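Single-letter residue listing:
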Amino acid sequence: MSARSAVWRALSRKAWLETRARFATGAVVIVLLCAFMVLVRPRMLVQWPLDKILHPEWRDPPWWDRVHTDYPFFLWHYLYRDMLQKAFMVFAVLLGVGGLAREVAYGTAAFTLSLPASRRLLLATRATVAAAETAALGVLAAATILLTSAFIGVPYSAAHALLHTALLVLGACVLLAGSLCLSSIVEGEHAPALVGLAGVGMFNYIMAPYADGGPTSGLVRALDFVHVMSGSPGESLADVPWTGVAVSLGIGALALLYAFRRSETGDF
Amino acid sequence: MMQPMVIETKGLTKHYGSFEAVNDLSLLVESGSITGFLGQNGAGKSSTIRMLLGMMRPTRGTGQVLGFDIADPAASVRMRQRIAYVAEDKRLFDYMTVGQLIAFTRAFFPSWCHDTERELIDEFRLPLELSIKKLSKGMRTQTALLLAFARGAELLILDEPTEGLDPVSTEKVLGLVVRAAANGMSVFFSSHQIAEVEQVADRVLMIDSGRLVLDTSIDSVKEHFRRVRGVFAEPHDSAIGALPGVRRVDVDGRIVSVMASHNVNEIVRYLRADSATNVEVLPVTLKDVLLGSIGTAKR
Chain B
15 MSARSAVWRA
25 LSRKAWLETR
35 ARFATGAVVI
45 VLLCAFMVLV
55 RPRMLVQWPL
65 DKILHPEWRD
75 PPWWDRVHTD
85 YPFFLWHYLY
95 RDMLQKAFMV
105 FAVLLGVGGL
115 AREVAYGTAA
125 FTLSLPASRR
135 LLLATRATVA
145 AAETAALGVL
155 AAATILLTSA
165 FIGVPYSAAH
175 ALLHTALLVL
185 GACVLLAGSL
195 CLSSIVEGEH
205 APALVGLAGV
215 GMFNYIMAPY
225 ADGGPTSGLV
235 RALDFVHVMS
245 GSPGESLADV
255 PWTGVAVSLG
265 IGALALLYAF
275 RRSETGDF
Chain P
2 MMQPMVIETK
12 GLTKHYGSFE
22 AVNDLSLLVE
32 SGSITGFLGQ
42 NGAGKSSTIR
52 MLLGMMRPTR
62 GTGQVLGFDI
72 ADPAASVRMR
82 QRIAYVAEDK
92 RLFDYMTVGQ
102 LIAFTRAFFP
112 SWCHDTEREL
122 IDEFRLPLEL
132 SIKKLSKGMR
142 TQTALLLAFA
152 RGAELLILDE
162 PTEGLDPVST
172 EKVLGLVVRA
182 AANGMSVFFS
192 SHQIAEVEQV
202 ADRVLMIDSG
212 RLVLDTSIDS
222 VKEHFRRVRG
232 VFAEPHDSAI
242 GALPGVRRVD
252 VDGRIVSVMA
262 SHNVNEIVRY
272 LRADSATNVE
282 VLPVTLKDVL
292 LGSIGTAKR
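Heads up: the protein sequence lines correspond to chains B and P, in order.
Plus 14 on top of the position in the first sequence (first one is 1) and you've got my numbering.
Plus 1 on top of the position in the second sequence (first one is 1) and you've got my numbering.
No wet-lab data here; the hints were simulated from the structure.
Bear in mind the structure is a predicted one, so any value in this text is a computation, not a measurement.
It is possible that some hints are incorrect.
Unchecked claim - Which bits of chain P does chain B cover? Going by a derived footprint, with three or more residues having C-beta under 8 Å, they are:
1. 52-65
2. 71-79
3. 82-90
4. 106-118
To be verified - Once the Cα atoms are required to be at most 20 Å apart in a straight line, the calculated SDA-like pairs of lysine to any residue come out as:
5. P:K134 x B:L31
6. P:K135 x B:L31
7. P:K134 x B:A119
All C-beta atoms, glycine included, are put in the ideal place defined by N, C-alpha and C.
Just chain B, with the same shape it has in the complex:
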């Protein structure tokens, strides 16, 4: 093994050890969430008509009938567009928190910077490991949905699962870049995570009316990160909001570049 690859492996292992508790928590939450929503669906289908009898005043939302009859739409509505997406957002922020500025707050920056590794390499390995962990969360989500669907005997297309988890992972990687950027700006051990989570929460709150079918302009659609992560209910590539994906990737790339710049030029 060359000295360079030994250094890369050591830094990757460091990043993994640093984030493994966050990753494990994310994995448990995502697996439980996916399994629960799939396994509880038969119970929901039984319960909903009873609820209607008990509460005749309830008005059916536009998607109501379809969640009963269209299983992929059910999954898209409750998981890819809602709970799973929010879980990915939270864990992307948490997995992305790190880097030299945080190590200053943590007290380990001097040790890290005494090692013969460039600051660019330090951040690159950190970002790569976080992206790999996010992708692994995506694989876990897709696998859990596919396996539990098979378990309850409901046919479900792997293409649908892969397309939507890929969109979730892509969106999470953009948030990851934002989180790394935030970690290079906001000082403190926990402050970047708190600011990042507050930002994600606020963004979801502001965008909620558009996600529920409110009026949108082209610009809002392009910046509608929630929609980028969920796409449309179908499984065709035509359902992917490509403009939003391109804008999100561009913003993510800028955030990452800024994080690299801050890391390379800062005093620690």
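Since the structure of chain B is provided, determine the placement of chain P on it from the hints.
Chain P alone, transformed into the frame defined by chain B:
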């Protein structure tokens, strides 16, 4: 014969806003020496060391460590391959065990000394399976020292290496410093423990308010530095400060006390000629010299 320099700075300056942490610092550290870097808290020691290691950029001035430009990030990486550093804040990665941290650090240094690693694990009785966050402060310091000494470095930079250690461990560490120097390693260590510096250093540099106020060998302190005390019949204000060798003059009523680095005979003659009723020459300790150097930085 003059040894090559492992550290060389010219006019090194670091400002944090309007605060001058390090000011026009020019210093030389010879290869193979143990150099103590002294100063009060906030004198600029850690800022100087962090600039030398490329952790922060100088506001002005230049510096070289082992011939590498400290302002060049690529050169700094190559330089760090050949140096070992123990920071003042000895926090390490809490999410690793001692063994994991040793393996992690080892990966960066092709000339890692496995014998030193084993020896220090035994000597410090470090539990390899224990998480770093469960270590006491002293054990964390010992782990940090192991990670530095085992790097097989040419230059060892230690920032307050014995802080948090008990007297027995402190002696072990000082012994390691001496042994490292005997094996050809250059050692540059900051401390405010004067006794430690006096015990192991060949040379001492002192900074005060970011400026170099003393650069001398320990032998020179012992051989040449003296305190000359003149007692006068009346309260006296002497102009002796202009004489060569005078580092500091303290006047306390009828007593004029002079800290001299050399030229003691001339200073004695001057005081006698100035009608001192009694003049005595006293030996000084490194502590006297250092305390006498504080406040002599010219702004």
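Do the hints match the structure? See the list:
Only residues whose beta carbon comes within less than 8 Å of a beta carbon in chain B count, and the segment 52-65 of chain P has 5; three or more means the coverage holds. Under the rule that three or more residues need a Cβ within less than 8 Å of chain B, the assignment of the segment 71-79 of chain P holds, with 4 such residues. Here's how the segment 82-90 of chain P fares: 7 of its residues keep a CB closer than 8 Å to some CB of chain B, so the rule of at least three is met and the hint holds. Under a criterion of three residues with beta carbons nearer than 8 Å to beta carbons of chain B, the stated coverage of the segment 106-118 of chain P is upheld, 5 such residues being counted.
With a C-alpha separation of about 14 Å, the suggested pair P:K134 and B:L31 falls inside the 20 Å cut-off, and the hint holds. Pair hint P:K135 plus B:L31 holds up; C-alpha atoms about 16 Å apart against a cutoff of 20 Å. This hinted pair checks out: P:K134 and B:A119 have alpha carbons roughly 16 Å apart, not beyond 20 Å.
In the structure shown, no violation is registered for any of the earlier numbered hints.
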